[in-house]
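Top to bottom, those sequences are chains A and B.
In this text, residue positions in the first sequence follow the numbering used here: the first is 1, and each later residue adds one.
In this text, residue positions in the second sequence follow the numbering used here: the first is 1001, and each later residue adds one.
These aren't lab readings, by the way, just hints derived from the structure by calculation.
The model shown is predicted, which means the values in this text are computed figures rather than measured ones.
Accuracy of the hints is not assured; some may be wrong.
For the chain A half of the interface with chain B, some residues (derived, Cβ under 10 angstroms), not all of them [said to hold, decoys possible]:
1) A40
2) A47
3) L56
4) T83
5) L86
6) R110
7) M124
Label-pair distances were calculated between CB atoms; the ranges are [said to hold, decoys possible]:
8) B:A1115 x A:I119: 34 to 40 angstroms
9) B:G1026 x A:T101: 16 to 22 angstroms
10) A:H19 x B:A1130: 52 to 58 angstroms
11) B:I1071 x A:L97: 36 to 42 angstroms
A virtual CB, placed ideally from N, CA and C, is assigned to each residue, including glycine.
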Amino acid sequence: MAKTLTTKPGASARPLSPHLQIYKMTITMAMSILHRITGAALFFGTALLVVFLVALSTGKGNFALVEAVYGSLIGKLVLFGYTWALFHHMLGGLRHLVWDTGAGFDRLSRFQLGWATLIGALVMTGLVWLIFFIG
Amino acid sequence: MQQASSSLRTPASRVRGLGAAKSGTGHFWLQRVTAVANIPLTIAFVIIILMLAKRDYAGALALVAHPVAAILLLLFILSGAVHMRLGMQVIIEDYVHQEGAKIALLMLNTFFAIAMALGATYAILRIGFAG
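Could you put the whole structure together from the sequences, leaning on the hints where they help?
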């Protein structure tokens, strides 16, 4: 099967299915793509938590090092991105759980669930970082 | 039994309900179970991290050593590790079609998920039992 998926030089040109660049971007399409991207980002981002916990458990020096790296500007940006990915994937997942019940497939619901995921995740991320900076 | 004549599947295959992948709905269901668990656990995790963020070394140790925080962190990392392994498995299966590379990446995926889960578990228990 795998061999038919690639077009080899010299092979007769076969018609290909329309792909991403053919279709107009819709909110459901954008949220589907973002759900996968945030999921993959969280997969690797888990290492941030593990490194922090292991550093904390192994002594003051390691903790200070991780604190300095995570507290730097780049560190904060990465953690901000992780926070957003976490909330976006959580709300996107909630949307999928709604769909698993068979509800929310009509045009208006799809539109509303998609925008609620996008805006809700940004608001929650903003709130968490607001609490961090003023708390 | 009347149906058997209209299907190429054996009655035993149909009863087992495992389909072509031989794993039934196990993957799908575990993804959903961990997804549901991850919602409250994620909220708890974010609250714990916010509490940790402003603490010094001794304060951070004391918080992670607290049974409620420790257990919630353990649940979050374990449920998360299972969930992310299933999710990454689907991504690999979608995009990697070369058989050798696919098998290698699927193994790496499992190794990474287990390493993350056990790494965090080791650290949390070490902090908890040290106190």
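Which hints from the list above does the structure break, by number from lowest to highest? 6 and 11
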